[in-house]
Every structure is written in C-alpha cells, then in structure tokens.
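There are 2 protein chains.
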Amino acid sequence: MPSAVNLLKRLLLGRPLRSDRVAETLLPKRLALPIFASDALSSVTYATQEILLILSIGGIALLHLTPWVALAVVVLLAVVVASYRQVVHAYPSGGGSYEVVVRNLGRDPSLVVAAALMVDYVMTVAVSVAAGVDNVVSAVPQLYPHRVWLAVGVLVLLMAMNLRGARESGRAFAVPTYLFVVALGLTIVVGLVQLAAGNPPVAESAGWTIRPEEVDITGVAFVFLLLRAFASGCTALTGVEAISNGVPAFQRPKAANAGRTLVIMGILAIFLFSGVTALSMIAQVRVAEDPCDLIGFPTDCHSTGQRTVIAQVAAAVFGSGSVLFYVVQAGAALILLLAANTAFNGFPTLASLLAQRRYLPRQLHTRGDRLAHSNGIVLLGLVAIALIAAFEGSVTALIQLYIIGVFTSFTLSQIGMVKHWNTALADADRAERHRIHGNRLINAVGAVLTATVLVVVLATKFTHGAYLVVIAIPVLFALMRGIHRYYGDVRRELEPEPGDVALPSRVHSVVLVSTLHKPTLRALAFARANRPDTLTALTVNVDEVDTEVLRREWDRQGIETPLKVVESPYREITRPVIDYIKRIRRAGPRDLVCVYIPEYVAGRWWENLLHNQSSLRLTWRLRFEPGVLVVSVPWQLDSSHRRQVDRADRAPGHARRGITPPD
Amino acid sequence: MPSAVNLLKRLLLGRPLRSDRVAETLLPKRLALPIFASDALSSVTYATQEILLILSIGGIALLHLTPWVALAVVVLLAVVVASYRQVVHAYPSGGGSYEVVVRNLGRDPSLVVAAALMVDYVMTVAVSVAAGVDNVVSAVPQLYPHRVWLAVGVLVLLMAMNLRGARESGRAFAVPTYLFVVALGLTIVVGLVQLAAGNPPVAESAGWTIRPEEVDITGVAFVFLLLRAFASGCTALTGVEAISNGVPAFQRPKAANAGRTLVIMGILAIFLFSGVTALSMIAQVRVAEDPCDLIGFPTDCHSTGQRTVIAQVAAAVFGSGSVLFYVVQAGAALILLLAANTAFNGFPTLASLLAQRRYLPRQLHTRGDRLAHSNGIVLLGLVAIALIAAFEGSVTALIQLYIIGVFTSFTLSQIGMVKHWNTALADADRAERHRIHGNRLINAVGAVLTATVLVVVLATKFTHGAYLVVIAIPVLFALMRGIHRYYGDVRRELEPEPGDVALPSRVHSVVLVSTLHKPTLRALAFARANRPDTLTALTVNVDEVDTEVLRREWDRQGIETPLKVVESPYREITRPVIDYIKRIRRAGPRDLVCVYIPEYVAGRWWENLLHNQSSLRLTWRLRFEPGVLVVSVPWQLDSSHRRQVDRADRAPGHARRGITPPD
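Protein chains in written order, with the numbering used here: chain A, 1 to 663; chain B, 1001 to 1663.
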C-alpha cells in the first residue's frame, strides 16, 4: 500500500526539491501580481453583487443608492492600500499584519490578529471557490446540481497543485489573471462605449421586479440597511493584505517591488469594481437572495440559480452566447481559483511562523517534499471543504463569515503602524519627522476607518452567521495560548539537570516467548549479544497444553536461558507481563529492564490480519513504565523482501537522487 | 480514552471469568433446549408464511395445496431429526456436521461444510432478527418505519449479551422460549376447539383476494411453483443441526441428553408448524409478497406492511387487541432473538475450531474476557448488521439466501454418516451389524432426501438471491485453503534449523538525536548500559541552524559519545538514517545494529498531536532491515502518570482480582 501511495504522491506532486533550491522560487512582479493580487482583484466578481443583494431587500426602490455605497467602498479601499504600502516598506520580512502587531502591540493582540488571519484565509478559500463555481454555473447551467461536488473537486486540485510548490503555481496561474483583467476591462470599456453611442447594454433581468421583504426599512432600519450593504460591499477589500504577507517571495528589491505591485493592484481593483458597479446600474441587473422573490424569473426558482452579476453584465454587453461572454466567465472563475491559491500560499507560511514560535503544533513547521508546508496546505484544504459542504457552496451564506477576520487584522495592524511611527519619531531628525508625521496620518486614518467598518460589520452581520467567527477567533486565540504554555511546560520538564546521566546499575533482559521458532531464537541471541546482567525467557500461561508443549520443546532443544512461566488466570497477556516487570523494577529501582518482543514483519498488508497483534498492545502499555526499554526484534518473513524490491523499483526519482536499491 | 473504553467494556460485559470456571458453564436440558432448539422452533414463525407467499403468486386458487406442501416439509423434518440424533450419539464432541464430514469424507468436503455452516449462521442471525422485528411491528404498527434501526439495535444487544458468556444468556432466554411454545400451543388448541365448536377463527385478511402475478402457472411451471413453495417451507428445518454443534455444553451424559433434547425439539417443531399451517388454512389468512397485490388491504400498501401469519392467526383466535395476542407476538419476537442467539453460540465455536486448525485467522481462537470467543461474536454480528442493512430488513429477501447453506451441510453430513456406518460395519459382530444397517438406512434416506431438496432449492431460488450464497461458499472455501497454506508456509519458514542461534559478532548502537534534552541523555545512558562495541549519536541535518545549535550544545555539555551528523538535502529523516544503518550492516554483515529512539509518552491523547511523530515512520521502516533492533526509549512526561492513576482507579474488579494500583 505505502508504495502505491508513494507513487500517487510522486505523480501528483512531482520530484522533491533540494533545500538549496529555495532561492530559485523567488517571484518577479509579473508573476507575483497574479499570485498575491488575485485575492483582491477576484473580490470584484462578487462585491457588487453583495451590495445589490442587500439593497434588494427593499425591492428595486433602493437600488439607486448602489453608486453611493460603492463610492464609500472605493474610498476605503484606497486608504487601506495606502496603509499597507507602508506596512510593506516598514516590515519587508513577510510577517504582514501579524508582524506589525507583534512588534508594536505585543503578544496577545498579535495572537488575535493571527487567529483573525487564519479565519480569513480559510474563508478566502471557501468563498473564492464557491464564487468561482457560481460563475462556471452561470456559463454552464447544467452543472447547477453538481456545484458542491465541483467545488470540492476544485479544492482537492488546488491542494495538489500547492503541494507541488510555489513557483509552478505562479506560472500556471499568471495567464488567467491577466485574461480576467483584460476581459473584464474590455467589458467595461465596450459597455461604456455602447452607452455613449446611445445603445446602452440591457441585462436579461432588467425587466424583472423584486418582491420586497416584509421588513420595516424606514428611519433607523433604513440607515442599518445602508450600512449592511456597505459592509457587504467591503468584501471588495479582502485580500489587500496578501502582498504584505508575501514580500519575501518577491525578487530584490523586495519591499519596493512589493509596494509597486500593491499600488498596481489597488488601481486595477478600483477600476474593475467601479466599472462593474456602473455597468450593473446601466444594464439594470436584478438579483435577490432567493430567486423566487424575482418576479419574471423564467425557470423554476427552486432548482435553478441566478446568474452572477458579472455574467449578466458580460451577457448584456457581448451577448449571452458570444465567445467574449465565455471568456469573461472563464476569467472570473479562474481568478477566483487564484484567490483561493493566495490563501494556500499565505496560510501555511503563517502557520509555520506560529508553529516555530510554538503557538501551533510543530508539525506545521515541518517543510515537506516540495518546499511547501504540506501539513498547513492539507489542513487549510480540509477545513475549506468542510465549510463548503456545511453551507452547500452558497457564496452569500459564506460571505457573512468573511470580513470580520479581515477587518480585525486591518484595524490592529493600522494601530500597530501608528505605534510604529510614534517609536520612529523618537529618534528621527527634522526632515524625517515631517515624512513620518505624514505616514502616521495615513495609518491613523486607516485605523479609524477600518475600526468603524469592523463595528458596522459586527453590528449588521452578527445574526447572519458572523457570530460563528466571533466564536472562532477567541477559540483559536485560547488554543494558541494553551499550546504555547504546553510546549513551555514540556521544555522545562526536559531541560537537562546535573545527575541525569547516571548509568543504570544493572540490565535485566526479558525475552517474551510464545512458541519456540526462529524469531524467538533470534530474539534470545540478540538479547544475549547485548550482554545483560540477567537474561530470562518469559512466557504467559494462557493455555496449559500450549505451555507444556513449549516447556518440553525448550528442554529438548537444550536452550541455556531459563524459561520463566507466569500464570494468567484471566488469559490476559499484558497484565502478567507488566506485573512481572514491575517486580524486577521494585527489587532494583535503579536497574534497567529491556523487554525483547519478537515480531513478524510481513510484506503484504493482509498478512498482518493473520498474525496475532497482542504484542502491539503490550508495547503500548510498556511505554508507560519508567526504566523499561521495549526492543522489538523483527523477523522479516520472505514476503517482506518482495515489498522492499517493489518500493525501490517503483519510487520515481531515486536514480537521479543517487539512491541505490536495497541489497 | 482507553480507560473509558475499559469502563464501558466492564459495564456491558461484566467481570472477566477465570479459566478454571469453564466447567461451571455446562447446561442442563431445561436450559439447553431454549438455547439450542430455539433456532428450529422459531422457524415456525415464518415457514408457513413463506409457503403461502409462493403459492399466492397464483392468486388464492393454489392456496388449497398448502397442507400437502406442509406435509412434505414435516416428513423431511422428521427424517432430518432422526438423522441428527445419530450424529449426536456418534460424534458427541460438538463438531456436528463439520466433524462428521472431516472424519469420513476428508478435508475438502469438510471445508465446504464449514463454509456452508458459516453462511448458515450468518443467515440465521439476519433472518431471525428481521422476522422478530416483523412480529414486533405486527403488534405495534407505529414502529414500521424504524424496523431496520430496530433490527440493528437488537443485534448490538445480542452481541453484548453474548460477549458476557454462555450461561447468563441461557438463563435470560429460557423463559421466553417456553412462553412462546405454550402461547402458540394454546393458540392452536383454542383455534381447533373453536373450529370443533362450529365457530372457526376468521383472519382479518380472510375476505381479501390476491391479484395473481402475470406468469404462466400451468404444466411444468405449476410443478416448479409447487417445488418453490416446498423449498420455502423447508426454512422450517433450519436450526435442526444446532444441537449437534452444542453437545459439549450439555450436562453429563452429554450425548444422551443432547439426543433427547433433539427429539423433544423435533416433536414441538412438527406440532407447532402443522398447527400454524392448519389454522392459517382454517382462518383463511391471505398474504402476498407485495401488499399492493392484496385487494382489500385497508391502509396505504406502500408505507405499511402486512401482519405476519402468526400475528393474523393469533388475532383471529384471541382477538386483535387481546392480552393473549400480545403474549403470542412477544413470544414469537423473543424466540426469534433466541434463534439468533443460537448462531452466536455456534459460529464462534466453529470459527475457533477452524482457527485452531489454521483455516481461519488465529485471532478467532483467542478466548476473550468472559470465556466466549469475542472476535467471532463481533464478526458475526457485524456481517449480520451489514446484511440487514443491505436487504432493508426484509425477511422474504433474506430467506432466499438461507437454506442453501443449511441443506449443503445436511447432505454432506448424512453422506458422511453413511460412510461412518460402513466403516463401523467392518468390525462389528452380528447383533451390532443389524443395528448398524438400520442406522445406515436412516442416514441414507436423509442423504437422498436432503440432496434432492438442495437441488430443488438451487433450481427454484437461484435467481431470487441464492446465487449470492453460491458465490459466497466457494469464496470462503478458497479463503480457508489459502489461509491454511499461508500458515503452513510461515511455520515452515520459522522452523528452527541448526546454526540459527549464532550470536552476532559485534553490537553497534546508534542513538537518534534531534535536540539535547533529558530523553536524549537517558537514551544515551541506556544505550551505554548495554555495553555495545560502538556507540554513536546520530542526527539528521534538516536545518543548518538547528544542527549548529545542537553541535554547540553537545560540546558545551561535554558529552563523550561522538555526534555524527548525516546530511539530508531533501529534508527527509527516514532515508538518511536507513542509509547510514545500511552502511554499518554492509561493513559487518554479521553485526547487530541497535537503534535507540527517544520517545515522549504523554498521558492525554491530544498531546500526541503536539509531538512530532516522525519516529513512528522511522520505526516502521526500520522493521524491514534485517539485523536491526529498534529500541524505543520512552520518556514519561508528567501527564503520563496522571493516566496510570486514572486507569488503576477506574477499572472495576481489580481489587477482587488482587491487582494493586501501580506505585
């Protein structure tokens, strides 16, 4: 089995990379943009739609407010991009928000940011994949019933690609991002030209009306609805921080390249988001949370979904069956995959950093076969799959859980940056002071704005699912603190002290015997080779007849080592052996007991079903006895060689790694 | 966790029994009858119904043939009982059909019987539990939608009871069997008295007609249908052989007591089967495979089931809501549980016998905590649950798979008995020869009749599901032969030969080091205590910085043992260590290499998630290297003591077994 798993792993993941090839995986800007900016750019595919969905609660009457909500989002986006440009320059080591906070605000706030970022990464993957599938379904409606499975399949593919390593993903993903930006940009330009030519695009849903929900939307409720629409539109800001977490992956000068990439990304995001929002107004796109609220919806509203806003806009501009429509949809679907991929770059790096600092299990710091942090990738993928399954792949349901994490880390990192500039002010000359004052202002504005949005998001989304995140972040926080405390305790417990190295006074070897065959004889010979002070062959009398046969055979073969029989009235194996060993230990508390257990090693998995596994249980139990060594004496059955040859033959890449087959 | 599992096990299964209490579990006739005869007696609850279901294919026109079919079944039953009475006397060791065949016909036929019997036991459990649930549902129709879960629950309960041991099941089950026999006997007597009094019982379905299936039922097809009805009626014979498998559980004189119990059982079975069949004719019970074929069926035929024949007869005689009706139904349900219980007695005994002779995995010969063969019980229960789930608890569907196994073992054992008497004739005096001739005649008639029935069953049931059994029996046969061959091969491979006991020339100890802490120092001390010829501390250079820290710490603490660093360009642990050890082995092929691996032992399961488990992989891989011993040096973290105290406190029964808590 493991050899087949190995083969599969190699086929999916390719050859392992040598450590000294780490430097090769650095990214030029043209590759870094698609990898790290895709998250922010892809938000364009759903941000407008989420604003429209909230405003539609009041029917079509409130849709005219869309541009104002979008404008607020654009202003916020510009401020956040400016703020993070400063983070990239001030902290180019790739710690991003986390590093800013840990350096300036201390441990506990940094763990809050870490928890928020982890939630954020998970949600990026889940939302992006779900939205990507929605756009595929908008182009190919027949896939609607299979969309959850489609999303799961895409996630598995993403995991496999990322387990192959960063560089290869970058290349494979660059083309589609540029495709998306160009295709959507073209849509916006053509749409605006059509408008200017007096022939504005008209969406398929332009004629429909929306049944308003029976809720009060006057006075305070109206303001609340507007704020909720704004909070939903803020999904356009997700992913802006990704570049600040990826600075070390940039080519030198890292910070400058990263900063420039961030600004390009900001401009593109604002252009695309504004353009899509404008076109959706021009073409009079209508969407509702439940398609059954759409009066005019042509097919059965229970078994089909609405097309995404992007799809409706592209169809209005280019025509529903046109090649360019499909290009836009393919671009949207692919950039959303890229966005998910951003998280697959960011999450394992963050987890590894936290694991190195002993806030997460150290398995997350283990570098895997292809320089990627395999365990983090797998963990992220599995949690995202679980979320997609739990929310049946609904973008609107998932998005409620999304932006709290994002704005928590935004806010804390901006506060951290303000503190950073305060510290910098202390030992700065006059010219610098002026510059620093300016920088501090940007971050201060960012902090105030993002904190305000965080409060708005919390207030408007809490009951719509965001409460789950409000629970998850403190749980993660407590978990990380607990893990840290645990590692600290263990480390203190294991700190060497004088006197620890005392040699045991005597060594007692005990060989466990069930029948007299080659494995037993080998175990006896190996035990004797270690020259113990005493050597005993121990058997448990579970069956009188078997024991008598063994005793007679022992005498017949003239084996020097005495055979000790312990009784077992309850036919247990483990308990009598443990009791016997405890008696030895009690007689000489500073003595060492070596327990030799003969074991069969079989080459085929089913053979293990045919051998009694009682030794496993005993081995497990003996680990809890101090001063006892468990020595397993493997006997390789003929079939085990077959297996070794198999492995050597099958594993690809061994030859070029200079590994010779076992002799 | 294991301590909680232990507690649960003790609560469900009770205290373990001492080996020397085996004798106490022998059964007197009054307890043996309910345990071993329940299978045969319980068949009465469905045998009549199965005949009616087949004849109903021709509508109500053919129902007048029921008594003739039943008569044929009764004759066969009498012959088989007489045959098995001879088996019990000739082979009182409890091997039953299997032993008769292995002694007289040789290995391969005996394995066919063994396979047939195993299938038979599984089907007994599945059919009996399904039929029991049907009778419960007949009394409480509200349970109809939950019948599969009910059946699974019952099976789990049966497993638990049998894991407690044979004696206690006998006591708990005696009352219901007698209840069933008395209650159903009373029904028959009262029904016949009512008939004699000119007031015959009338079933609720008496007025319904049956829509005949659109098949030809003239000429050959008519004969075929009759034979199929007869084959279905032969389910009344299932379980007759159970007593022959249980002779050793009887009190002395075992054979005589078992023979007498068999005859009592035969008389009861014939009386009850004939009575139920007669009453079903008198009361004009109507059943059909699909209730929708019943014209007059009062409720929705898709969501409700028919009442069983037993239930309809009891309702006709006593009235549907009467106390006695419920008593009959309770009796029927309970005796069917008892029938399932028979298999839980028989299957593990057979499996243990086969495992002892190395035809099945030896785990099936391990005696468990309460003298029962736990693994066999669990295996049987799980397969039966799978069958019930697969066939959605339908008795009629399951019963198609039932009697092929039964009649295969009937036929082969009767042929074996004929051969037994032939052998006995060789050295018998004149008086004996006469008796033996008579005995041989009985078994010969039995053989011919059961062989004929086997052919009939195969022909009439093959396409209705019996083909599954026709596949299963050869598969089991081949599996058992394969297992036997495998054990033979391994035994030959492990047979000690002269020269095997040679001591290794030199012992090389290698201590694996990742960081310098107490576990490492302990491993070094323990390795040194074994006085190896060479001692090396080995570390794998996965991370340059970590390795450098280790090297410096090693020097600082002045550790004598040299630290050997092996490179690992691919950041693997396993491969470089294996390569290093292979080099040692190549330099001295007769040398022994002891690999010491420091390990943490934690008391709480989640702690294992926080420690790197790479040593497990290495340990597994090292087992395949000849001449290598893996020595795990456990370091008991403080939490591990907590666990030990827990276990000692919690496990019930330790005090009365004289086991003191660990110090």
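Keep in mind the hints are simulated off the structure, nothing from the lab. These figures come from a predicted structure and were not determined experimentally. Hints should not be assumed to be uniformly reliable.
[As the list claims (entries may be wrong)] With the Cβ distance kept under 8 Å, some of the chain A side facing chain B (calculated, not the full set): (1) 29; (2) 78; (3) 82; (4) 530; (5) 531; (6) 535; (7) 536; (8) 601; (9) 624; (10) 631; (11) 633.
Where a beta carbon is used, it is the ideal one built from N, C-alpha and C, also for glycine.
Against the structure, the hints:
no. : hint : verdict
1   : 29   : 29 Å, violated
2   : 78   : 42 Å, violated
3   : 82   : 37 Å, violated
4   : 530  : 4 Å, holds
5   : 531  : 5 Å, holds
6   : 535  : 12 Å, violated
7   : 536  : 16 Å, violated
8   : 601  : 5 Å, holds
9   : 624  : 6 Å, holds
10  : 631  : 5 Å, holds
11  : 633  : 6 Å, holds
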